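So the chains spell out like this:
Protein chains: 2
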Amino acid sequence: MKRIFTFVCLVLCLHGACAQSANKDSLIIRQIYETALSEPKAYEWLEYLCKKIGGRLAGSPEASAAVEFTRQIMDTLGLDRVYVQEVKVPHWVRGRQEKARITHSQRFSNMPLRVCALGNSVGTGEQGVEGNVIEVKSIKEMIALGKGAVAGKIVFFNMVMENRHINPFTAYSIAGEGRRNGASEASKLGAVGVVVRSLTTKIDEFPHTGSLRYALNVGQIPAIALATVDAEALSKALKIEPNLKFYFETHCKMLPEITSYNVIGELKGTEKPEEIISVGGHLDSWDLGEGAHDDGAGCMQSIEVARIFKKLNIKPKRTLRVVMFMNEENGLKGGLKYASEAQILKEKHILALESDAGGFTPQSIGIGDEEQNVTKMLAWSKLFEPYHVTLVRNGGGADITPLRPLGTVLAGLRPDANRYFDYHHTTQDVFEAVNMRELQLGAATMTAFLYLVAMEGI
Amino acid sequence: MKRIFTFVCLVLCLHGACAQSANKDSLIIRQIYETALSEPKAYEWLEYLCKKIGGRLAGSPEASAAVEFTRQIMDTLGLDRVYVQEVKVPHWVRGRQEKARITHSQRFSNMPLRVCALGNSVGTGEQGVEGNVIEVKSIKEMIALGKGAVAGKIVFFNMVMENRHINPFTAYSIAGEGRRNGASEASKLGAVGVVVRSLTTKIDEFPHTGSLRYALNVGQIPAIALATVDAEALSKALKIEPNLKFYFETHCKMLPEITSYNVIGELKGTEKPEEIISVGGHLDSWDLGEGAHDDGAGCMQSIEVARIFKKLNIKPKRTLRVVMFMNEENGLKGGLKYASEAQILKEKHILALESDAGGFTPQSIGIGDEEQNVTKMLAWSKLFEPYHVTLVRNGGGADITPLRPLGTVLAGLRPDANRYFDYHHTTQDVFEAVNMRELQLGAATMTAFLYLVAMEGI
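These protein sequence lines map, in sequence, to chains A and L.
Be aware that the first sequence starts at 52, since it is given in my numbering, and climbs by one per residue.
Be aware that the second sequence starts at 52, since it is given in my numbering, and climbs by one per residue.
Extracted from the complex, chain A is given alone in its bound form:
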């Protein structure tokens, strides 16, 4: 009986302690959200990054400016250490404005065609490329048509990003194979060029860039993206005049590799400094637009995490690192370098959180993968209910993926994705497309989650 009594007391005590700690946590989390909303520093920094620096593809002068800008912000925050990490990055440049037109057609030669080169594509040079057009809905469909149908032609991947998907990223992933691998697969069948329908569910006038991957030992053919409204029109035109030709001219090229940097700020852990928690976004962006949602937002939110820690005098028990990753868009060299340094230095990276899905209202944080035990973290869900944020399984982000082999738990902020592809990789991804409250709520969510990780472990 005494034993049972002792046990019951112990449970009650633990329960009491737990409740007290949850209560303290919920108060601190409320402070975090209120601070983020009433002192919108991430939003102010983002304005500078977008308006004074602008689009910042790896290797560009603007990317260098962004490195310096974020280093300087972090220098003002009173962190324990701010440093850069050298990274060799590909240096792709777009060159002069792309051109495209329909030729050998009486009806459609004046049709507007808004295009842009795909990132990493070779250019056509002054002579351009011209050919009949073969329209397909998938790489599989093209392969089934075979060399006879494809050789000497321009392949038009008219893959629609369908609205019916609840999560637009699902649609993006399905429709995106043409952009990612279309050029190499078409080249294998002798095509001379590739046109992909822009990746957005909207019918609009903005070509969406994004990177392609050339497979090894395959001839590199030029590739462009076409605005969705023009893709619809081209598809109709082809039904009427299947023999029309398409001409395009791009002046992009890949220059020799160049030196750039990840930018890193550190708050040293007070009790377990060897356990490292990373939070970041990618500092590079496409040259079209200002890289506001993709991924200026995630970068500024990540710095905001450290600022709010300092502001609220939160002293993390574990080490918090804020990382601006370079070159996510067309090489991932920053993410690879960060993980490789971690491995060389035998660092213990317990968790990494990336924000790279836009500065929209946060809906969830995805945590870990199926092989990892993340139940302790998922149990914090209750603390996020007042903010309409859920903690769910399966997280990550491109830049932090290389940390996974080190056993790191990868987490990702998941904001409302409904508007993301209205702006993604276009001239429309500008500061004005970001709402202050939405951006700051994302920063608050990241801060609150990392506060718990830093204090309680994973």
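The set of hints was computed from the structure by calculation and includes no laboratory data.
These numbers were taken from a predicted model, which means no experiment stands behind them.
Glycine residues also receive a C-beta, built at the ideal position from the N, C-alpha and C atoms.
It is possible that some hints are incorrect.
Derived Cβ-Cβ restraints for the label pairs, each shown as a range [to be verified]: (1) Gly458/A with Gly129/L: 58 to 68 Å; (2) Gln148/A with Glu95/L: 33 to 43 Å; (3) Arg215/A with Met162/L: 47 to 57 Å; (4) Arg215/L with Arg215/A: 46 to 56 Å; (5) Lys366/L with Gly270/A: 51 to 61 Å; (6) Glu95/L with Leu396/A: 56 to 66 Å; (7) Gly270/A with Phe220/L: 52 to 62 Å; (8) Arg215/A with Ala73/L: 15 to 25 Å; (9) Ser77/A with Ile395/L: 42 to 52 Å; (10) Arg444/L with Lys75/A: 23 to 33 Å.
Given chain A, work out where chain L should sit, using these hints.
This is chain L only, laid out in the frame that chain A set:
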């Protein structure tokens, strides 16, 4: 033993039936969401309502056009009945563009002042109104200052809608007392006019209108809203020159009551037609802007509910009514009429759902109040998890509030509110401010919830 066995069997069977039904429901709900996203009719109708008709204050020709437009849409849907309900509404008109300036000041007489009359306000007429300005942060502060300080002056309610609140509606409700009651309270102390800071957390150039209420037996003094950026500037100017004067001129007036209509469409219940479920928004809007989020969105979503029912061949067991309420903004006469007719006809209104918080990504449906048992409905939460929507206690909406005394459960769609007050009651509340996916997800959420109510009761 046999008894226990029988009991266990029964439980298992019931459990099986339950699971089967939940599975069927989740499939139908998925169909509802996919239909809403892939056939964006609410969005198309909203474009017409905003661009062809525009702002539609009760009593205006545009309000009449909106009545006819929505009646005609419903007529095409194959509902069992479409009809209008006559409502007498106040007829307030804004008249010529308002003017405001600072006078008796050397430094500030050229300061821009973007203003608009508050709805229901009396106008100043050609002679305008002029006076020294007394700035207060609350009605309480003004009352404490007393008649001596207020008489003959213009009261400037500079009540800030604070960003720190997680829910912007909380901030709106707190800061809104100046707009709602400031004129009457100031009049009691002898003020000659009222200027209120616009209700938005942003610092911008758009005056936000909205209605005031004149108390009975109190002199009616004119009132205007001032853009937040100008409110900040006026406050600074007053610190430098406390004796400056403020002049404004408004030509608004209240005309005699006029006849308008609620528009109602009905799908008759197959099993319990006497149990009525209403879904609606308000068809009137402010004259500034196009009433896109407020509340064209809610109206078009409500009609979309009926369209999706028909499209998916959902035959509701209970009667579904789609209601376009007239005159929410400055009188609520449509909502009052609908409830009064329900009472006269002794109708049994089991539940009413309003969408009047903008066409943004849905976050929750609020259901019932503390006196009502809504546990059965809250238990449907699981079905909404894939859509990041929660079912929570406490719902409602202005237009359906008059149904509450009939025992009706009031529910409200709660979308993401972070951008709502960027547009609310201004020239900025236009079709372009609405995202198709967000609007349609709201419609899908309403449809899914009402499908469950119509089939399973409350």
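For each hint, the structure was consulted:
no.: 1; hint: Gly458/A with Gly129/L: 58 to 68 Å; in the structure: holds, 60 Å
no.: 2; hint: Gln148/A with Glu95/L: 33 to 43 Å; in the structure: holds, 34 Å
no.: 3; hint: Arg215/A with Met162/L: 47 to 57 Å; in the structure: holds, 52 Å
no.: 4; hint: Arg215/L with Arg215/A: 46 to 56 Å; in the structure: violated, 38 Å
no.: 5; hint: Lys366/L with Gly270/A: 51 to 61 Å; in the structure: holds, 60 Å
no.: 6; hint: Glu95/L with Leu396/A: 56 to 66 Å; in the structure: holds, 58 Å
no.: 7; hint: Gly270/A with Phe220/L: 52 to 62 Å; in the structure: holds, 59 Å
no.: 8; hint: Arg215/A with Ala73/L: 15 to 25 Å; in the structure: holds, 22 Å
no.: 9; hint: Ser77/A with Ile395/L: 42 to 52 Å; in the structure: holds, 49 Å
no.: 10; hint: Arg444/L with Lys75/A: 23 to 33 Å; in the structure: holds, 26 Å
In the structure shown, a violation is registered for the earlier hint numbered 4 alone.
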